[in-house]
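Q: Sequence:
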Amino acid sequence: MTITLSSEEQNTTTLLKKTTSEEFHECLQFQVPIVQNEKVYTFEVEVKGDTFSSKEVRKVMARVYQPLTFIQTDKPIYLPGQTVHFRVVTLDTKLRPADRLDADDNRVAQWLNQTSDGSILQLSYSLNSEAREGTYQVIVTVGEMKIYHNFQVEKYVLPKFDVKITTLDVVSIQQEEIEAEICAKYTYGHPVPGSAKVKMCRPLSRYYASPIIFTPLNPDGIPDIVAPCYEETKKTDKRGCATFSIMMSNFTKLDQKILQDYLDLSAEVEEEGTGKCYSNCVQK
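Under full-length UniProt numbering, the letters of the sequence shown match residues 1 to 284, in that order.
Please note: incorrect hints may appear among the correct ones.
Simulated restraints on C-beta separations [said to hold, decoys possible]:
1. Lys164 to Gln137: 34 to 40 Å
2. Asn280 to Ile77: 44 to 50 Å
3. Gln110 to Thr187: 34 to 40 Å
4. Thr187 to Ile34: 31 to 37 Å
5. His85 to Glu272: 35 to 41 Å
Simulated from the structure, these hints should not be mistaken for laboratory data. Since the model is a prediction, treat every value here as computed from it, not as a measurement. We put the beta carbon where it would ideally sit given N, CA and C, even for glycine.
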């Protein structure tokens, strides 16, 4: 039995050469050749006897191991002047080099020959207060491999409060009323004083074309039939909520064939004193 490993350059290595008169089973270990990147080898097993000959050939690839590397920032969007904290997680312990590019692909920071104590490297960079808005990149180079991670720098304002709609997931046309509760809370959890406005509509079928009516006041024409809608406004209570009971009959007066089988519910809350509004919408 002869076992060889050969490459396209005709370099052949004999891994095993054995002669025996008895049947045998053997597991063979061999050292993988050193390669720059990757290379395909031919693995050949040849068995010869007095009256027979057998050969089996397989292709094997030797490849340099490339560790997996991930980049994570503490948030996806930053304001100019804020500090970007990021970590590099890899199976290798040496990273070379770590770069940061601004929105114009200019290098704004660089860390060379960084080595982590374990498998996580943590770094940070303080953005200039006049930093250009746009997409920035963290680039980590490990050997010949580059890993990229984008983050945004922009002047943004977080919403002061959120609007939540609570209603049944499914409504039936047989119901007399549809109840919906609209609540608004500040980002720190307190209720919002103000007014809540709801609008519920049942859209027309997309296959239905409503006739157009032309009048002196509407020379461009108006639809003869419009989607049925209901609107109502209430003051929010001490919880920042307002409860609405909407009659189903508002949406069943037209021919059911020209209407969709769902309702669109939108809610808008206006903050008392400032007039600031935030909204939300659902489909039932």
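Q: Taking 34 to 40 Å as the stated bounds, is the beta-carbon spacing between Gln110 and Thr187 within them?
A: Hint holds: Cβ distance 37 Å, inside 34 to 40 Å.
Q: Evaluate the given range 34 to 40 Å for the C-beta pair formed by Lys164 and Gln137.
A: holds, 37 Å
Q: Could one say that the CB atoms of Asn280 and Ile77 fall in the range 44 to 50 Å?
A: This hint is violated: roughly 21 Å between Cβ atoms.
Q: Quick check: does the Cβ-Cβ distance between His85 and Glu272 fall within 35 to 41 Å?
A: Hint holds: Cβ distance 38 Å, inside 35 to 41 Å.
Q: Kindly confirm whether 31 to 37 Å is satisfied by the beta carbon distance between Thr187 and Ile34.
A: violated, 58 Å
In the structure shown, a violation is registered for the earlier hints numbered 2, 4, in ascending order.
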